[in-house]
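2 protein chains.
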Amino acid sequence: MGEGQHHAEYSNYQGDLSKEETLQLLVDSYEAVSNDTRNWVANLSNASSLVWHAYHSLKVPVNWSGFYVINPTKPEEELILGPFQGKVACQIIKFGKGVCGTAVSSQKTQLVANVNEFPGHIACDGETQSEIVIPIIKDGKVYGVLDIDCLALEGFDEVDVEYLEKLVTKISESNDF
Amino acid sequence: MGEGQHHAEYSNYQGDLSKEETLQLLVDSYEAVSNDTRNWVANLSNASSLVWHAYHSLKVPVNWSGFYVINPTKPEEELILGPFQGKVACQIIKFGKGVCGTAVSSQKTQLVANVNEFPGHIACDGETQSEIVIPIIKDGKVYGVLDIDCLALEGFDEVDVEYLEKLVTKISESNDF
Chain Z
1 MGEGQHHAEY SNYQGDLSKE ETLQLLVDSY EAVSNDTRNW VANLSNASSL VWHAYHSLKV
61 PVNWSGFYVI NPTKPEEELI LGPFQGKVAC QIIKFGKGVC GTAVSSQKTQ LVANVNEFPG
121 HIACDGETQS EIVIPIIKDG KVYGVLDIDC LALEGFDEVD VEYLEKLVTK ISESNDF
Chain X
1 MGEGQHHAEY SNYQGDLSKE ETLQLLVDSY EAVSNDTRNW VANLSNASSL VWHAYHSLKV
61 PVNWSGFYVI NPTKPEEELI LGPFQGKVAC QIIKFGKGVC GTAVSSQKTQ LVANVNEFPG
121 HIACDGETQS EIVIPIIKDG KVYGVLDIDC LALEGFDEVD VEYLEKLVTK ISESNDF
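Protein sequences appear in the order of chains Z and X.
Using the working numbering, you'd call the opening residue of the first sequence number 1 and step up by one each time.
Using the working numbering, you'd call the opening residue of the second sequence number 1 and step up by one each time.
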């Protein structure tokens, strides 16, 4: 970070960038910010903020961006809430349940155009219409998920998948879970 | 939580409550939400959201609400960033440095009307004007701090101290750090 630059400035995306440029800047900013520590709570907290501000600069009505991680007290069964931006969220999600739980059990990104049509969708917020969830995988093991909710239907597409998977790869490499 | 209520609804404070009523609701909502788990990451993530939405319902221009916790790799020396709402933040704060570090070393709430006049203030965001920091103490030991920043001078007063200290007492009781 340059002399005199505040950490908060990483959240100030320019409004005139393309979607691809904004999401690449998100990936690059995460890499810069996470350089100081391998503490996952600190890095995932800043990552939630970077994701939130990137999508808001693109005028995508994201209402929740954050993480669920493997619950250390039930590591074979469930996710527990991690750092996020947005409204209060459900604490526990069982593997295989809802969009997040499906991302864990399938180890695959879930791109959901309409959450109301997703079997077993868990509504932490009844206003959410679409969602994307990317599993954080290292050496074949899932450590958690990046979860982003949107107030609009079809809030995310293959471009989001491409860049958010890049972000999550960086997250899996830069943290000790 | 009532049948059919979403977790997100805890973030929806009514705009016509007094400051005291809103802050008491914040304390009560934290107690309800944290009832499910003693996992500190999950509970502090939801607490950050409750604080953010409480102050925004009161039209207080809070630009950051969240936590720093004792860095597990340097527990005698420094705080590390925990869950928060707002823009990207500094990861590490040394004990005794800035408003947060002073709250740890003094074990006392810091109510700062103008951060620019606080000796050794650490500016994660140059736009912050006032700040309140409450240490999380259990059995005489500090586990972290609740930190709230405001874009206005004198954003907080003795009413905030009273209710936020109640909140932090609940936080210290309801989590395994």
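These are calculated hints, taken from the structure and not from any lab test.
Careful, some of the hints might be misleading.
Same chains, same names: a pair is fine if it fits in one copy or spans any two.
[Said to hold, decoys possible] Cut-off 35 Å, straight-line C-alpha distance, at most; resulting in silico cross-link-like pairs (DSBU-like, lysine-lysine):
{"no.": "1", "residue 1": "K97", "residue 2": "K74"}
{"no.": "2", "residue 1": "K59", "residue 2": "K97"}
{"no.": "3", "residue 1": "K59", "residue 2": "K19"}
{"no.": "4", "residue 1": "K138", "residue 2": "K74"}
{"no.": "5", "residue 1": "K19", "residue 2": "K74"}
{"no.": "6", "residue 1": "K59", "residue 2": "K74"}
Keep in mind it's a predicted model, so treat the numbers as computed, not measured.
Non-conforming hints, listed in increasing numerical order: Failing hints, ascending: 5 and 6.
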